[in-house]
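S.K.: Protein chains in written order, with our numbering: chain A, 3 to 486; chain B, 3 to 486; chain C, 3 to 486; chain D, 3 to 486.
FYI, nobody ran anything at the bench for these hints, they're computed from the structure. Be aware that one or more of the hints could be misleading.
Because identical chains share one entry, a pair is satisfied inside a single copy or across any pair of copies.
[To be verified] Only pairs whose alpha carbons sit at most 25 Å apart, straight line, appear in this in silico PhoX-like list of lysine-lysine: (1) K351 - K17; (2) K129 - K159; (3) K134 - K161; (4) K379 - K17; (5) K129 - K60; (6) K351 - K79; (7) K79 - K342; (8) K317 - K445; (9) K113 - K173; (10) K134 - K421; (11) K113 - K134.
Number of protein chains: 4
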Amino acid sequence: MITAQVANEDDGEDKLHEECGVVGIHGDPEASRLSYLALHALQHRGQEGAGIVTVNHKGLESITGVGLVSEVFTESKLNTLPGDIAIGHVRYSTSGASMLKNVQPFIATCKLGSLAVAHNGNFLNYKQLKRKLEENGSIFIASSDTELVLHLIAKSKAKTFLLRIIDACEKLRGAFSMVFVFEDKLVAVRDPFGFRPLVMGRRSNGAVVFASETCALDLIDARYEREVCPGEIVVVDRGDVGESSMFMVSHPEPKQCVFEHGYFSQPNSIVFGRSVYETRRMYGEILATVAPVECDVVIAVPDSGTVAALGYAAKAGVPFQIGLLRSHYAKRTFIEPTQKIRDFAVKAKLSPVRSVLEGKRVVVVDDSIVRGTTSLKIVRMLRDAGAKQVHMRIALPPMIASCYYGVDTPRSQELISSKMSVEKIRKHINCDTLAFLPLDSLKQVYGPVESRSYCYACFTGKYPVTETETEENNAERERELNAL
Amino acid sequence: MITAQVANEDDGEDKLHEECGVVGIHGDPEASRLSYLALHALQHRGQEGAGIVTVNHKGLESITGVGLVSEVFTESKLNTLPGDIAIGHVRYSTSGASMLKNVQPFIATCKLGSLAVAHNGNFLNYKQLKRKLEENGSIFIASSDTELVLHLIAKSKAKTFLLRIIDACEKLRGAFSMVFVFEDKLVAVRDPFGFRPLVMGRRSNGAVVFASETCALDLIDARYEREVCPGEIVVVDRGDVGESSMFMVSHPEPKQCVFEHGYFSQPNSIVFGRSVYETRRMYGEILATVAPVECDVVIAVPDSGTVAALGYAAKAGVPFQIGLLRSHYAKRTFIEPTQKIRDFAVKAKLSPVRSVLEGKRVVVVDDSIVRGTTSLKIVRMLRDAGAKQVHMRIALPPMIASCYYGVDTPRSQELISSKMSVEKIRKHINCDTLAFLPLDSLKQVYGPVESRSYCYACFTGKYPVTETETEENNAERERELNAL
Amino acid sequence: MITAQVANEDDGEDKLHEECGVVGIHGDPEASRLSYLALHALQHRGQEGAGIVTVNHKGLESITGVGLVSEVFTESKLNTLPGDIAIGHVRYSTSGASMLKNVQPFIATCKLGSLAVAHNGNFLNYKQLKRKLEENGSIFIASSDTELVLHLIAKSKAKTFLLRIIDACEKLRGAFSMVFVFEDKLVAVRDPFGFRPLVMGRRSNGAVVFASETCALDLIDARYEREVCPGEIVVVDRGDVGESSMFMVSHPEPKQCVFEHGYFSQPNSIVFGRSVYETRRMYGEILATVAPVECDVVIAVPDSGTVAALGYAAKAGVPFQIGLLRSHYAKRTFIEPTQKIRDFAVKAKLSPVRSVLEGKRVVVVDDSIVRGTTSLKIVRMLRDAGAKQVHMRIALPPMIASCYYGVDTPRSQELISSKMSVEKIRKHINCDTLAFLPLDSLKQVYGPVESRSYCYACFTGKYPVTETETEENNAERERELNAL
Amino acid sequence: MITAQVANEDDGEDKLHEECGVVGIHGDPEASRLSYLALHALQHRGQEGAGIVTVNHKGLESITGVGLVSEVFTESKLNTLPGDIAIGHVRYSTSGASMLKNVQPFIATCKLGSLAVAHNGNFLNYKQLKRKLEENGSIFIASSDTELVLHLIAKSKAKTFLLRIIDACEKLRGAFSMVFVFEDKLVAVRDPFGFRPLVMGRRSNGAVVFASETCALDLIDARYEREVCPGEIVVVDRGDVGESSMFMVSHPEPKQCVFEHGYFSQPNSIVFGRSVYETRRMYGEILATVAPVECDVVIAVPDSGTVAALGYAAKAGVPFQIGLLRSHYAKRTFIEPTQKIRDFAVKAKLSPVRSVLEGKRVVVVDDSIVRGTTSLKIVRMLRDAGAKQVHMRIALPPMIASCYYGVDTPRSQELISSKMSVEKIRKHINCDTLAFLPLDSLKQVYGPVESRSYCYACFTGKYPVTETETEENNAERERELNAL
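Given only the sequences and the hints, what does the whole structure look like? Please build it.
M.R.: This is the structure we're talking about:
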């Protein structure tokens, strides 16, 4: 087992973590600068590291680094990345200097030349494929599963990089939204289930842009055209009139991640063809309908609970107020006095507004409860600030199962909803009432047809694709990956 | 004229800047750690630099640095500041390494020993006093006007530091909320007009805490007791049963800064005896009454416009929505493509939410318009995102005159309201209607009596205290100070 | 072609660069700390980056970083590397943040588990092997040729790591001194020609230490035992009484790098069984015999010319003086005035001592002339400082051919001695006389038998091993490697 | 008592520390760049911090920072310092971020305008003058005694800065070589005893240069003209044909610091009109005459002992060799294994060369013994490396008394020679013989007349100027200063 240096910053926040954002640009003379801006717009999808690869007459050129997009890139660095094709990546926040090895995009040379890839997702059959590749003498140097794709491409017998990418993608199981660059081509791929988002847009100069979310298109003045479809492989070639597209053989019903709507994506993005804001607001409205309560004020756990709280408040006919303020400066862990301050880690990030809360019956809306550690402190803070009653409303169903499709979830056993009933959780976090958005109500938002194209595995434990993976060996792989 | 290195980061934001936050703690064995946390809670008042001075058996010990509180202090650094008395300071964001000389608290040794001070405010008679002191052979090393207080204390003929502080304060004109530490005493002072806030609280172990805002008390579990009164000098001494208090001779009607309620302070603070949140919400409500308009949605320019927007929306009976998202990662200037992206600097910080705006008649609430440069771009962004009409509402009166009481304002000529009528501004920023909160309406919030204790100079040009200072020589002084 | 960010710091020094130093420790509870110290002692062999891998119950753990050993490692980082087996590496100074991918040791996982390697040298058949591996579907991620070894091990059909290492080493051509770690074993390998040094020592607690030079043994109180022989593979296993050893099949006459004696190694090291100091001093003595000249003082170009200069002076019976001082602070490039200062880059590093030089006939001893750019400036500086005559003496033969055995040499065409006769060089650098140590004289130092076991390729152009490599394709490979 | 953050890095080196280097340039359009280079050449006089002040049409501009000259200044920073007059300063290595307040040059504004100063030395009557100034209401902000000069200038009744500088200098007692800049004038001052060096040179374009040592002139192609005389005040004015000069009233016999010749200055400098190299070599020669011993080899403790060792070896007719190597990379403290390595701190900096030492009777030459802690370890290292006998020779007399003239010396009681006879020291450091250069022999180097113009206080305890200062109150002041 290999373990590298990982600084463990317990940030007192009990939230899921998205694992990446990707961007690809073809046909713009400022491809690297636009990628940089697009990555900034996708920064919420990953703060560990960022990288950009461009293609120009010298081949592939790359800059990657640990930190925020604005920290990794300087004007002079971007100037060293000329070319009109680029891909970029932001990576979610674990940390430690030696993690630089995992910052994407990855470049590899093989028989056909050089190719780069940026990946958002998780391969379910990573372990089996890795084992098979290792048996055939492949070695794995980075700890990211993205290296696997490069091996599959290198091992493919197909004659061109494009055919090999198709070949490799057909072998992969799980969640993957990827962009590739090689020669003068940009290729975007989304797995057949379409777990993770990937959209396509166009700038006024004709340049094609792929990105995880539309908010990246907006910042660089690219018009949103459509999603890359589940199972689709879009190829953009220099000198083409347009771009060509093909589909992987396996073509099941899509299983798109409902958490993108409920938590991960920016509210101003269109994800899976829907406004995130609108969808999230509807979650709140329905929640107000199915879990009403007498109250004086509706507040949110900012920022992710805010839009649903607005929906809840509107439906309930109760004023929405800012009952909790989020600090702009609490990125780091704070040094605590030895005379413990209660709920310190949460308090350094969230401050209650007494004048909103005092003497009130408060509904507080959050997007999810993971382990329950933060909810407990929030309820206590609200009471300490004078709330007469605290009613917690969660704008997604109870999470009972780990996600294997590109989200960093605790093991199922650690999820509070897998161990406790709603009533027990209520007692544990000590609120007056607690309600989750029922799964059926959530599906209402999408209607009977569209609702079939989403993944609810974390609420039901029924996984659309599992291969031979059990939670155990997956966990083992994760440990292994983390350990690398 | 002396000029030091100043990095000029035009951050595309057209807002006023507060000039500091202070904290003082007496009688807690962890005085430096609590100061550090209090400064974190006051971080919104200044991001340039931070410092803490403690008193212990070795005398005064200090750590100061450039950057955020969390960057300046580490656990091991705090460990080198034992002692149960401490003062701290955060300084507003200009920049440049050589600015370290200006990071407070300042320590000086003079005949009576050593003394440290942290200051929020601005001395109007700085120039005259400095000239007089220089004529008597004093030298000025730092570029901050805080050095002046130390000189006055040193020059005083009084026998004790305390008497000399009183002596010095009586000579000073302008805005000052200061904390001093010397021997085993902590002294808090607020100028007779009480321009800048300063509150007092107590921890359960009896430790006395002074801070610019109550949000600092909240984070360290100190109970808010009262404001330091305008003109009051509070002395906390070791071994005392309580603290003693005295008043400066000059004792005019208070003139507290109304911008603290409207913009500077955290919504969860109590400032000048009032909930900032509640006050700001009332601004919005009254604004809705005096400047109504047919509309479909009310949005805010986050974060400072949010609470007033909630008030406006509630009063208007129109839904409040998040129409503009603020990026958590846009602290730095962004590198722009050479093919200009319209309104780039604002777009990197604020993203419009199309699904909230499209086809809607939008009221957008902001706290103030300074030069008008940002408002212009916000209106355009909202229209580009589909808003059918854009009605801008400003929750404070038009600003026509510079502030000399501790706020970093542009010169009066640069303030758009000093040059244009409301209608002209409306045309300039191209919104459908524009309205400010009338000054009379603002005063309504406070009622006939209390309203007399606020300063409205920036709305009226009538300064409560000017000494012989005209705008010109003040501007000159500012240039001089900046240049040092 | 792939190009990553490389800062180009022309440091005004016209010297060859060694490409690495390695260390391996087995059986000491503080293996990582001792490795860290050993790497510090080997710092002259590489300043770009440093890394350590340890083995403990959790498997392989690693810390690598860009910079000096003292910059990469802190006490707390070393504390995260427990275990009694470790290997370490220092890498020669190219630069650029993205180069972190190349900082060794490299860890890879393959079918048999995990293995780490640290390498000093250069593989001549890298290109062919890489091409063959790529044809079989291998991919190359790092730009260092060390990745090749890992691929060969992974592809081997042998049953254990040890057998596979042997297998791989038999396939490699060129220069390699390597240490491997896997399971509980430490393996040290030196190529059959023994181009690069590798020694073995033992601490008083029985721990076995391998290092590039004995100066590393000295710092950690390890007793020097012997060299790892050319072609030898030494295996140290836990619980063994001693260590076992085997040899590669190919077992030619050794061809050890004479530049290790003349320039690269520390004077206090024993390299190839000989004291570097003593050998270098003898070079100087013989040079005095074969190239005498009337002179008043002998000086050195510090530090590498000093020991030979002492030898020259002693033999010539002329006083040695410090005629050139080396700055301790000239690590970085200096900013030059626009009114050019003559020979600036050299002057910032070397200062002439006028009182030693004025009016004197000066012999100045250097170890080698590469492109001749620095020599020119040194001669001019000496004359400017008053030297009446300048006689340059080079304590190695003229260098006419590039090295492919682990030394970073310019292409042959750039070597001044490949283009000019000694007399032409003399005129070019404008000294009064110029002499090199003749190759035959150099061999005298070693005697007729031992002299056969050294490589003189850079003086003769006759390469002991070339495979099918010509300079051209080697240069191409180098470009390719640098470009990665 | 005020104490700021000071990192305590015991560097295992038992040497005296010089307290500063200064430079001043008048009449060169690139004054700041040349100052930067001159400071680099003076870097051995101080590594804590560096700063430059220039004069141009905007007034005085300054950049100062903590660290080496090459770390504090970048090309773009130097570009912000236009002007053809500049002064600069390097400060000796204590440390801690908050020490930035002490980095010189200091700028102050007073009645007459702005003035900057850079100072090398130490004021003996600092305490009295400070007390008097404080009684008149002056405050002291920085912890350096240089602030005192600025106060004296500000308090002077004279009409111009120049007259006030003279006035101030007449009040000061002790060691001071200073450069001032104000309006368009550059002023250089050396105290009447001339304790610290200060030279004057000229560039080919007529620019006048002052510097602590001539090595700074050499790097910037300035011709050495003469010393600034003890007690002289040289004024360089714009538009002057030359420069004018005046002398302070007090005009005793000079007492120049003999340690500048023996240890502090660079060997290539001319200091007090003499070649440092030549003088130091003569110390070694005389030492060989007065303290001969049968030996096989003479080595130095590098770098400061090297030149004297060459003199010793030449006179003794015994070969000089490099018996100890100094690491180029041991600037920082090294992390030691818990199983203590003997003499670790010294070993990380100095490595013995066994082939030089083994079986030999070794003379090792050092410049001084301060506390004796390092000498002990050096002797042990030499013996461990095989030396049969170790004879230590010190090229200066025994140091028995602290220096108050600008050198950072331990208190007299800590000096080993103040507590032990030579024989006792010999036993303590365990060498076979030990000899110092007798004071009379040292004086021989200078001859009967010149020898009267040097200070020998550290060898004799007879101080040329003491004011009312005793060692005790001086020590107190030092503590106080350090503590600030």
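S.K.: Checking against the hints above, which ones are violated?
M.R.: 10
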